[in-house]
Amino acid sequence: MTARIYQPARNAMQSGTGNSEGWVLDFEPATARQIEPLMGWTSSDDTQRQVRLHFDTREEAIAYAEKAGLPYLVSEPKKPVRKVISYSDNFKWGRVGQWTH
Numbered sequence: 001m002t003a004r005i006y007q008p009a010r011n012a013m014q015s016g017t018g019n020s021e022g023w024v025l026d027f028e029p030a031t032a033r034q035i036e037p038l039m040g041w042t043s044s045d046d047t048q049r050q051v052r053l054h055f056d057t058r059e060e061a062i063a064y065a066e067k068a069g070l071p072y073l074v075s076e077p078k079k080p081v082r083k084v085i086s087y088s089d090n091f092k093w094g095r096v097g098q099w100t101h
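Read in order, the letters of the sequence shown correspond to residues 1 to 101 in the UniProt record's numbering.
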């Protein structure tokens, strides 16, 4: 069972960075989910799938995985590329493309 250590991305519906500062340790699924034939619900025997550990730093998460003897995979966060544009650029002279209502 491999542990995955990553920094969660910010919520796409918000402009802030809440709940995306720390690091998370998740476990990869050991078994596939089964479909219960009567109701159609999905279930799994894997209880590690429900465990999600939060850490302040990447080093703390790695230290925990090594202390527990877990094989782990660290995913580095991708920094967003911010494109700075202003509202007045929509109306400037020589703008590429037509601006119409």
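If you're looking for bench data, these hints aren't it; they were derived computationally from the structure. Every residue, glycine too, gets a C-beta built ideally from N, C-alpha and C. Mixed in with the good hints there might be a few duds.
[Unchecked claim] Below, simulated SDA-like cross-link-like pairs (lysine to any residue); rule was C-alpha separation at most 20 Å, straight line: (1) Lys78 with Glu36; (2) Lys78 with Asn90; (3) Lys79 with Gly22; (4) Lys83 with Arg10.
[What the hints assert, rightly or not] Label-pair ranges, simulated between beta-carbon atoms: (5) Tyr64 with Phe91: 52 to 58 Å; (6) Ser43 with Val74: 29 to 35 Å; (7) Ile35 with Gly94: 55 to 61 Å; (8) Lys83 with Trp41: 39 to 45 Å; (9) Ser43 with Glu66: 28 to 34 Å.
Exercise for the section: Kindly indicate which numbered hints from before are broken by the structure, ordering the numbers from low to high. Expected result: Of the numbered hints given earlier, those the structure breaks are 1, 2, listed in rising order.
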